[in-house]
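Visitor: With our numbering applied, the sequence shown covers 115 to 351.
Honestly, the hints are just simulated from the structure, not real lab data. C-beta atoms are modelled at their ideal positions from N, C-alpha and C, and glycine is treated no differently.
In the SDA-like style, the derived pairs of lysine to any residue whose C-alpha atoms are separated by at most 20 Å in a straight line are:
| # | residue 1 | residue 2 |
| --- | --- | --- |
| 1 | Lys174 | Gly123 |
| 2 | Lys116 | Asp161 |
| 3 | Lys159 | Ser141 |
Have a look at the derived ranges for each label pair, beta carbon to beta carbon:
| # | residue 1 | residue 2 | range |
| --- | --- | --- | --- |
| 4 | Ile223 | Leu254 | 24 to 30 Å |
| 5 | Leu154 | Glu309 | 58 to 64 Å |
| 6 | Gly195 | Asn350 | 23 to 29 Å |
| 7 | Leu349 | Leu242 | 25 to 31 Å |
| 8 | Asp347 | Ile285 | 32 to 38 Å |
| 9 | Ile223 | His250 | 20 to 26 Å |
| 10 | Met240 | Asn136 | 47 to 53 Å |
| 11 | Lys116 | Asn350 | 23 to 29 Å |
| 12 | Ile295 | Asn205 | 38 to 44 Å |
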Amino acid sequence: MKIALLGYGKMGHEVEKVAIENGHVISLVIDNEDDWLNKLDLLAKCDIAIEFSAPAIAAKNIYRCIESNVPIVVGTTGWFGQLGQITEFCNLHNGSLFYASNYSIGVNIFFAINQKLASLLEVYPMYLPSMVETHHTQKLDSPSGTAITLANGIIASNSNFTGYSENAATIGEIPVQSIRIGNVTGEHTVTWISEIDKITITHEAFHRKGFALGAVMAAEWLQGRKGVFSMKDMLNL
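Hey, can you work out the whole structure from these sequences and the hints?
Guide: In structure tokens, the structure reads:
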């Protein structure tokens with residue numbers, strides 16, 4: 115595949131390495147608005163775009179790819195509030211969009227375990243959940259997209275909980291603590307605690323390569339497909 119990289123930070127460089135290892139070609143790199151002005155006409159010559167930029171510009175990058183008839187895999191989080199409008203736009207223009215809060219295969223299995231555990235504990239309201247997510251100091255969004263997906267998974271699977279927040283002052287809210295420290299790639303812990311015991315599940319990422327590999331796999335999987343997809347579709351979860 116001829117790949118356009120939208121965003122050339124740490125994740126963009128990691129995707130580049132993995133893509134080349136897998137036999138693909140990086141045909142275009144766009145990292146700022148000047149690049150868009152000078153290289154927009156080159157986007158249409160690419161087979162797919164992989165986007166790891168910033169929350170404030172991710173949606174704009176998605177629209178540009180759909181308008182250029184280029185499938186796009188989006189790794190940036192923090193824009194999901196616009197997912198409804200973007201999905202409608204993508205379907206209207208017969209586009210192809212793959213998005214995920216986390217591209218790690220292990221994390222997506224962790225999502226499934228999280229929902230199963232929440233479902234099992236629905237009939238045991240003495241167990242209350244909480245979450246801690248830890249990332250490097252350069253991560254822009256808080257809580258992380260992965261933490262939001264975990265919280266929404268609990269809410270969807272356990273009717274005792276209806277929301278999440280940092281302080282969780284309201285009954286039915288899940289407390290989510292965000293920690294930014296050092297060069298931590300990403301760690302998420304969900305704890306269910308009662309008066310007599312606790313259940314804890316944790317996922318820790320050792321390296322960004324797992325995210326990059328998942329994004330390249332998603333790009334390969336998206337070829338020839340139209341619509342809006344996620345890791346659940348690719349992994350049949």
